[in-house]
Every structure is written in C-alpha cells, then in structure tokens.
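Protein chains: 4
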Amino acid sequence: MTYRFNSDYTEGCHPAVLEKLVQTNMEQTDGYGLDPYCYEARKLIREAFACPNADVHFLVGGTQTNLTVICAALRPHQAVYGAVPSHINTHEAGAIEHVGHRVLPLPSEDGKLTAGQIRHEWKMYDTDPSREHWAQPKMVYISQPTEIGSMYSKKELQDLYQACKDCGLYLFVDGARLGYVLGAPDNDMTAADLAANCDVFYIGGTKCGLLFGEAVVILNDALKPDFRTIAKQCGSIMAKGRLLGVQFGAIMKDHLYSKICGKGTLQALKIRDALLAKGFKFVTESPTNQQFVIMTPAQFEKLSEEFALSHIAYLEDGNYSVRICTSWATKDEEVDRLIAMINEL
Amino acid sequence: MTYRFNSDYTEGCHPAVLEKLVQTNMEQTDGYGLDPYCYEARKLIREAFACPNADVHFLVGGTQTNLTVICAALRPHQAVYGAVPSHINTHEAGAIEHVGHRVLPLPSEDGKLTAGQIRHEWKMYDTDPSREHWAQPKMVYISQPTEIGSMYSKKELQDLYQACKDCGLYLFVDGARLGYVLGAPDNDMTAADLAANCDVFYIGGTKCGLLFGEAVVILNDALKPDFRTIAKQCGSIMAKGRLLGVQFGAIMKDHLYSKICGKGTLQALKIRDALLAKGFKFVTESPTNQQFVIMTPAQFEKLSEEFALSHIAYLEDGNYSVRICTSWATKDEEVDRLIAMINEL
Amino acid sequence: MTYRFNSDYTEGCHPAVLEKLVQTNMEQTDGYGLDPYCYEARKLIREAFACPNADVHFLVGGTQTNLTVICAALRPHQAVYGAVPSHINTHEAGAIEHVGHRVLPLPSEDGKLTAGQIRHEWKMYDTDPSREHWAQPKMVYISQPTEIGSMYSKKELQDLYQACKDCGLYLFVDGARLGYVLGAPDNDMTAADLAANCDVFYIGGTKCGLLFGEAVVILNDALKPDFRTIAKQCGSIMAKGRLLGVQFGAIMKDHLYSKICGKGTLQALKIRDALLAKGFKFVTESPTNQQFVIMTPAQFEKLSEEFALSHIAYLEDGNYSVRICTSWATKDEEVDRLIAMINEL
Amino acid sequence: MTYRFNSDYTEGCHPAVLEKLVQTNMEQTDGYGLDPYCYEARKLIREAFACPNADVHFLVGGTQTNLTVICAALRPHQAVYGAVPSHINTHEAGAIEHVGHRVLPLPSEDGKLTAGQIRHEWKMYDTDPSREHWAQPKMVYISQPTEIGSMYSKKELQDLYQACKDCGLYLFVDGARLGYVLGAPDNDMTAADLAANCDVFYIGGTKCGLLFGEAVVILNDALKPDFRTIAKQCGSIMAKGRLLGVQFGAIMKDHLYSKICGKGTLQALKIRDALLAKGFKFVTESPTNQQFVIMTPAQFEKLSEEFALSHIAYLEDGNYSVRICTSWATKDEEVDRLIAMINEL
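Quick mapping for you: the protein sequence lines, in order, are chains A, B, C and D.
Counting from 1, position 8 in the first sequence corresponds to residue 8 in the working numbering; the numbering is continuous, with no gaps.
Counting from 1, position 196 in the second sequence corresponds to residue 196 in the working numbering; the numbering is continuous, with no gaps.
Counting from 1, position 245 in the third sequence corresponds to residue 245 in the working numbering; the numbering is continuous, with no gaps.
Counting from 1, position 284 in the fourth sequence corresponds to residue 284 in the working numbering; the numbering is continuous, with no gaps.
Simulated from the structure, these hints should not be mistaken for laboratory data.
Keep in mind that this is a model prediction, so the values were computed, not measured.
Hints are supplied without guarantee of correctness; some may be wrong.
Stated by the list, open to error - A few chain D residues facing chain B, derived, Cβ under 10 Å:
(1) Tyr32
(2) His133
(3) Arg272
Note that CB positions come from ideal geometry on N, CA and C, so glycine has one too.
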C-alpha cells in the first residue's frame, strides 16, 4: 500500500470545504461569480489581506491564472521576468508565449529573484542602444513560496517591490502554495505585508485545501479594468462561479487557510529534520512544504517501496533530485512511517 | 421567494455525483487526468457513444473547451463557420480570435446550419479569385442543441457531416447541453449517431448534472496529437483531474446523464405547451430545455414577481424575447406554479 | 497588347520618386527610420496635415499597417468595427484575428459607416446585460476612400469622429488610396480636416505613386507609446528605413501626392461618365479612382480583349460586377481607347 | 566626414539591381508575386540552389521572414531552439512569442548550435516525465553566417540536419547574410549543400545587394501548404511583389549575389588581418563580413573620429566589444584608410 508524498494535489478538499459544498449544493444562484458566496469570500479576502480596495476574482487553476493575469496586464511587446525554475518558464507548455509574451528567464539557485538582479537586468535593457528592438520588460513574476520550496522574507519582498517600482515594472506574486508560507514557522511576512508589496497576487486554493480555485487579488488600479472580460476570453471564468466563492468562503474563515497549510509545512519540516539528521543534502533550503533532497538511486528505490516520491532530475554524480511534498491532508502516521524508513536507510 | 428559470447552471450537481465526490474525497491519486477515475470515465464514454478509438479529454468549461479544441485543430490562417447566434460568435468575449482564428458567422433563423449552406459558402470561397487573401474556412462549429433550443435531426447531422467531408472541413459539435437532446422525446439521434457523424464533439457536464466539466471526444485521428499539451497551454487542464473523472463516471453510469436531462427537457415542454395553449409565440421552435418566448413587458414583469426569467432582447414591436430554462434540477412543483401563473396571465 | 485597368498597383513609382531613390542610392545612413530622409519626410507630413504633434511612422504595406496599428492600440479583449466590404474584414486573410482581435462587421451599401450606425451599435453593446461576455468594441476602422470607391465628406467624418469620442472608441482611417480623395474634384475634406477628425490614419504610398510604403500618423497621445517596438515585433520595420523617407519626402513635396492622384481620379471619372452616358449602372457611386460597374458577360469579354479589368463578383441576374481602376500612372491615350471601346459596345 | 562600418544596410542596392528597377519601373504587371519577374527569379533560385521542387516566396525583411516561417511551420504548443545570440532571441522585440511560440535559447560561445547539443536537449525533453507540460521543441533555427560572424561548415550542417531528422525537428536556416558565406574564402558549403541539408532557408537580400527582400526556399513538403495565405495574414506580402522578383532576378544572375558579397567578406578579412597583426583579440573567430573585436575605450574613440563602428557591449574588464561590418558596397579606399588608422593606434 503506497502513500503519496509526490505532490500536494493528491486528495480532494478539506472537510470544512466539502461540507459547505454539500450544504449549498441545491441552492440556486446567479452564475459567473455574481452570487452572494463570491461576494462574501471577496470580503473575507480583502479583510484577511488588509486591502479594502482590491479587486478579487476567482479562477480555476494555476497555469490559467498566470496566463490570464499576464495577458490582462501587458501590451503586446511586453515581457515578464521569471526565475529559471519558475512555473511560467517550465511547466506551462508555453502558455505565456501563447498569449503573446516573452518570458525572460533569470538564473536563480534558490528559485528567488532579488532586487539587485532586477535593477541590473532593467539597466542592461534600459541602456541598450538597440533597446527598441528588444521585448520590453514590464513585469516581474515570482512565486511565494517558490517552485523549489524557498520563501521570500518580508524584507526581500519589500526590496524587490521597490526595485520594480523604480524600474516601472509590475510585481506579480504567484501564491499557488501561499498557505504553506503563511503557516510556516520561519515566515515573517503577514498576509497584509504581501498585499502591501506587490501589484497583483493570487491565493492558491487547489494545493491548499480546496478542490480547485485560485483567488486573484489586484491591488494596482491600472490592472483592474475589464479583468472579467479578459478572463472570460481566456476561458477562465466558471459558469457556476459560486463553487469558488463557497470554497474560498469556507477556507478563509477563522484562518483555516493558514492553519491547515501550516500543519502541512510542519510535516515537511519533520521529514526534513530526519533527513538532515541522517546527513542528506538538499538542492536548496526549504522552510515550506516541498523538500528537494539528494538521494542515491538505491535510497530512492527503497523508499519507493512504500511511498510515492517525485523523481525530479538526474544529477551529474549519478544521484537523484527527489521531491518530498506534504500538504494540509498529509497524515501524521504516514509522516512517522516515512521518517522511520528514512532512519533505517 | 423567487425561483430561477433563468439558466441551467443555477444549482450544484446531481446527488449521485456529489455522493461520489464525497466518497472519494480523501483518496490519493495522480494528477492531470491520469488517475483511475478518469480512465474509467473515458471507458464509459467510449462505450456509451460507441467510439472505441476515440480520445477523451476532460476540461472544465464551455468557452474553454471551444477555444482549446479550435486552437488545437486549426492552422493560423484557418477559420471556423458558426451560426450568428452560436456561442463562439457571441458570448465568448472574442476567445476564438484570441487564439488567432476568425469566426465566420452564417445567418440562421433557427440557430442551425445546413449542409446546403456550408456547400454554398465553401464554393463562394473556393471559387473566389482572391481566395488566397481570405481567411481559409476549415471547420464547422455547431451546437447540439443550439443556443436557442433547436436541435439537429439525425438526417440533418449526417447531411451536414457529408458536406463538411466533401469540402475538407472538420465538424465540431458543441454539446454543452447535449443531455437535453439525448433525453428529448423528439430526438432521433443516438449517442452513437453523434459520434459517427462528426470529427470532434463534447459532452457538456456543467449544465447537465455536474458541478462542472466537459468531456471532449476526438474521433478524427488528425485532431488527436498533442491535445493534452495544447490544453495545458490554454490553461484548461485541472491539477486534480480526477474530479472530472469521478463526476463523469457517476453521470455516465446507467444512462443517468440522459435520464436526468430528459426529465429537464420534459419540464420545459410542459411549460411550452402551457404557453402555446395561451397563444404565446416563440422566437424559434424548441424541443429541448430552453424556450424562447415573446412576451409583453407587463407579462414579463408579472411572472418576474415569482420567477427569475432571462430577458434576452427588446423586439421591434416593443415586446420582449424571454428565455425560460429548465434543467435536471428543476422542481415539479415550481413548474406547476409557473404554469399556473401563465394560465392566469 | 493588353493594358491594365485592374488595379492601382500595376506600375512601379512616379518618376520623381524613382529619381530621388537613384540619386541617394549609394549614400550611407542609419537604419530603421532614424535617418535624415525619414526626419525630413515626417516634417513634411506634419506640415501638410497640420498636425505638428503627431508621431509619424513609415511601414511597408496596407495589411501590415492595419494589423500593426490595431495590435498597438487595443487590449486583448477589444474589437474593431469595420464595414462588411472593408479590407480588414475581407482581404487580409484573418490578419486582425491573428493579432488577437475580433472584427465586428457592420452592413454598408456604400462601404461607409455612419455616426448613427456607430452610436446604435455601441448602445446595443453597452446596454446588453451580458456585456462582459462580449468582445468589447474599442475602435472604428474606416477607409477613405472606401474599398468600393466612395468617400466621406468632411461633415460625415466629423460626425463619425464625434460619435466615436462619445462612445469611447478610437477612429482609425485607412488611407491606402488617400491621394485619390485629396485630389478628387468632389472632395471637401482637406488634409488638415482629416488629421483633426480621427485618432490615427495612414497615408497610402503603395497605390499612390511610391514603390511601396504607408505613413502612419498618430494624433492621439494614448496610441503613441512604444509604437516602434510593436511595429518591429510585427515585422513591419524596414532595416533600410530611409527608402521610405526618401520616397515620402519626394511625394509630399509641392503637393505632388494629391496632384498625381488627382489626375488618376479624373481619369476614372472620365471613364465613369462614358459608362453613364451609355446607360451602365454602378454598384455604388464613386467619385474616386475605382469604378464598380455592372456589365453583361459579353460586354466584359469584349472589353477584356484589350484591357485587363477586375471581375469582382457574379450578380444574381447573371451580370458581373466589374472594377475599373485608374491610378497616377494611367495613360491618357489608354483612357481614350477604353472610352472609345465603351462607346462601341 | 564619417564613413560607416557599423552595419551592412547603410546603402541602397547594387547598381545592377537599381538599373533593372529603373528599366522596369513603368511596366504593368499583376500583383502579389504572380508576375513574370517573380517566376523568373524563382527559377533562377531553384537552379542556383539545385532544388527543383522547392517553393520560393519573396518577403520584405528578416524579422518578418522569421516570424512568418515559424508561424507557418509550428502548431501552437511547439517551440524553436535558437542560440542565445540568435536574432529571434534578441533583436526581434518578441516577434516569435507574438505569433505564439517559445524560443528555447541554447548557450553558444561562437553563435552556432551543434548536433550534439540538439540531441542532448531533445533527449532531456523527450525523457522528462512531465514532458507533456513543456512547450514542445519542433524546430531548430540557425543563422548562416551567425549573428556574430561565424559560419557552419558543410559537415557541421550535415550533422546538425541529421540530428534534427533523428529528433523529429525541422531545421530552418536564416540566411540574412548568406552571400557573405557563399563568397567567403573559407567556406566549403555550396548553395546546393545548403538546400540539401535543411527543411527551409532564406536568401537574404536586404544586407546582400538589394534594396530589401528575402527569398524563402521551402524544401520540406510538409511546410509548403498555404504559405502564401499565412504570409498575407502576417502582413508579409507586397502588393507590388514584382519589385522583389526584379531585384532577385538581377542579383541571382551570373552569380552576382556571391560575387559582390564575397568581395564584402574579403574587405572584412583585410581589416581583421590588420587588427590581428596589431595584437587585437576578437570575441569570436569570424570568416565573414562581421568582425567583433575587443578595444579599449580610447581605441574606439580614436577610430570613431573618422568611422562609424558599432559599440556592441561593455566587457567586464572595461573594454568594449566593437562590431566592424563591411558589405558589398564597402569602398576599397575606406578599408585602406581604416587599416592605416588601425596601424597607427
């Protein structure tokens, strides 16, 4: 009997979310997000992130949200900076190019971009004599936490946002796994801090307790007009939009979002500590729910007898980069069983 | 207390679907539609539509499905014929143009396209001396039932498909409300007939008993390669794809799909008959779950005291075109109440 | 020996233009339109059209100019109104859709759009309850003269522009054949009038005395930023941009542009008068260089023995719609020969 | 009086080309490349490159040609490999992304891609477990010569093409400066070799003796259908297409193309040798008409007193990377003057 630590979207949704879906199932509402559940969820989000003037829109999935936000924000010739391992630069099958925009990949060991890096890149562009012949950088895309588990401190985010503003760039924060930061013991960035330090971000639901759903929060007025129509055009609007309102309403209540994800992060940290104690090395330091650890093929195969882990890459020395991923749904006993097995390696 | 007859996506999902979602909620599966529930649902669909070699893909919503299928099928310069009132020509905010393709709207009183019309249009294009300077027609898009409630007979579909084949055009059938045809008393087209007479179609779930979901069925081998990647690129693939497999698995079992939608159609026909008996005129004849009836403003206002109906258009004579829409979820007593009120008008 | 009256791009360029190309051929200049010839031509254009603050850009051809201007002006979900026979709706192979935008075709007997029509269409959109689900009209595209030879009066243009401003729409004037209006005896619209009554227009060179080239004149500040980069991205910028500056410099000097095209228009009117005198009917009234006349097949064949004319369409009564097109290059003796032959029909 | 060595598009066209343009100026022909001059030029090209079954199309400029060819060849999710310094990855303002495709930049010191590199990259993609979520590589884009002056040997090209075929990739060769290779003393690749070892290439005219123009040569039948319509849709087709036929007809006659460009290459090599003799270092070895040399700021400023050179980049040690560019039009006495000045540095 295999237990999955290979991703954070292996189960359905948190029981509190499911309960509310069941409870409201036969109610009748208007469509397209114009129902009372969506309005209520928007209110809860504006409160939780201390952004009373934000526009909040509910979309279905991460790639969809990235392409819709970028499509709505940029003019045709404009491009978006992203770290080399960022989602838009890797696993979106060219979605950003499909809506016409270049992704400008920037090298990053830990998956994060820095203020200095942005200032440098912008200056390179801005002082190039053939500047007019380059795709024009206009947005910085980051993930919090990143695709490889690292997270931005409040200071790093503030610096980055300042750099963006100085260079005339929008800052867009992909929060597909935001809960695992908000609930992380080492996190020093509040929900309000995030909303105060970017132009647009989204609160990931799919990997954080919902069946599906991402809540786009638009802070910058310049990015607000006609977002709903562009989302409709991108195929990103649900007819039964209330399903997203119901779910986000349930998860945003009483800090459920950060509570359940925080528990998920703690599970990952327990596993990390066990690995560290056994002398394992990591691809990067991760204080969140995804751990990228280096294993020998034999170690990977041994653990795979009982657990599904993600084999991410072959390393040059013959070892594997392996992702171990927990979530809000991860069971204590399975964490214990995995740790026991690690200790026996 | 208002009851809604204004659309067929006002409730959640059929109890059998919800039950299976609840039952499977905490199971762990692989993502992106590679789970056992999706495989099982694909099998059921291939059986129900008698198309053992079809590729079946699960997407989320209708506009999304239309743009993904069209995007995957056409080369850049190719265009798609659709009736003037068709969804791609009206309520998709320019989604087809967004993926680069022209919609060629053809006039249609009843929402349907005919074989003769297609042959004529194609010939006009094909014999034009400046043919090379026109967007090239390559696909015919129809909806079964149409956006205004009419439906194709088996013969009409066969003729249309023959015309498409003769002209080198793909035939794509939007089945967002397919259940309301399959369960309609006047329908003479089986599920197998549909699959035998087009290149690609989809089985609508959102309006037919699911929370959400559309199952794309690709018959023509030329349209199969890399569909999953293009869907990913369009943001149309769910991480928790199994939610679609679970739902379609539940609804395709024991003909539940056509049974519950057939009931929905019958409700609409009861209302239609009451309206006809009172002498009301209709915008077009509809044997399915949407009725487009002509009312005076006073009649519309009177019914609106107790029911939500859709005011679709102002007619030139001052009257309204009004949509009355039933669904699998419509309650008998509300139909009776509406009919009673109609009789009192 | 056949003489061509089938289009206005059958010859190369006016001798004065050619002379200047020859004269400057071995000079060295900077590329991409940053040379003295382009600066000089921009100055001449700003003077001739009395628009000292306009941005002027030189592109190569008409379809290219249409797609570049529309691409630069619109956000993804925005659409452009054009008359059914307009170039963007017919002979551009879906170029506007290729850059993501819907063309909203409006019926027009004479190829022109009216202020009333725009106000009506906008109101239909603006008051539609499902407005958010439609492509959003944001621009009106007209051609002066139109594709079928008609032209806007000053009053018609003023009214149309006022309607556009009232509805929040940009007005874009395609002047591919502008010279044939500016030099037309019935024209009451000056160059300055044009520039004062739209947001962006272009001065057609290809059909008006140049080898090739269209000069985009942007009046509205909102449409100016980054136009060069978007044009580069669309492949519309010539490396040897000075070829365009040299040509436009030559043709804008001493009113050569309107003089030579005016002559072309007069040639067409002479032919028109001969046809009228013989009792021929026209598809629409044209005071410019293109005449669309209705002929029997026999008449068409007879004239085709000596002249190339454009057979545009088969009419329902079996007759042909035939285009007779003159240009700055049309020879007097050939016009006389054609008229003589018409008189003998 | 400054003489320009800063690019190869500073003058107009070769006298033989100009003469033919002048000679044919007032002739009447059909438009859009369907005239006798285009047919004749196509014939000459098929002969010169020994590809009797190739389709030949005439477009205007380089960026335009790249975007049109790539747009016509790829399905939406497909991507194109290019060297980091390649034109599509740098100076096209995001043109490839604008038509929806990702450029996959591969590192390259000398501007070239190797067979081994392509095989390795393809394998990485092909064996990735999440392959379906990546943009799909389908084309390799190279420039011959490269943007930094290097050139492929016959063997290198053959190996690369074999690798492409083995991996199911198209090979597209940008020949914007092809003449400077065909006429280079170190070149071992004939025109026929090129046509035998790729799927599509183009013969650059703009930088090689024409006013403007690029001739696309399509070898692979899969890339032929509807190219004209897609080019029209991209705004890449000239109304007066014969201008391209006339020019290519003149330049392809009697090997004029490689003769005049060969002379240009020799001029560059003389300058290179003078620089080498003085101990200058180069960014990369170039046997063609562009030399990228490393200079101190003082050296650059000194030469700039009499010559326009291109300052390409600031190097980390404070020196400059400087491009010195010759062409078919470069004058012997100016080369001598530049060499004299180099010798005095």
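At a threshold of 10 Å, is the proposed contact between tyrosine 32 of chain D and chain B supported by beta-carbon distances? holds (8 Å)
Under the criterion of a CB-CB separation shorter than 10 Å, is histidine 133 of chain D in contact with chain B as hinted? holds (6 Å)
Closest C-beta approach of arginine 272 of chain D to chain B relative to 10 Å, hint status: Where the cut-off is 10 Å and the nearest Cβ of chain B is about 43 Å from arginine 272 of chain D, the hint is violated.
Hint 3 alone, counting from the list given before, is not met by this structure.
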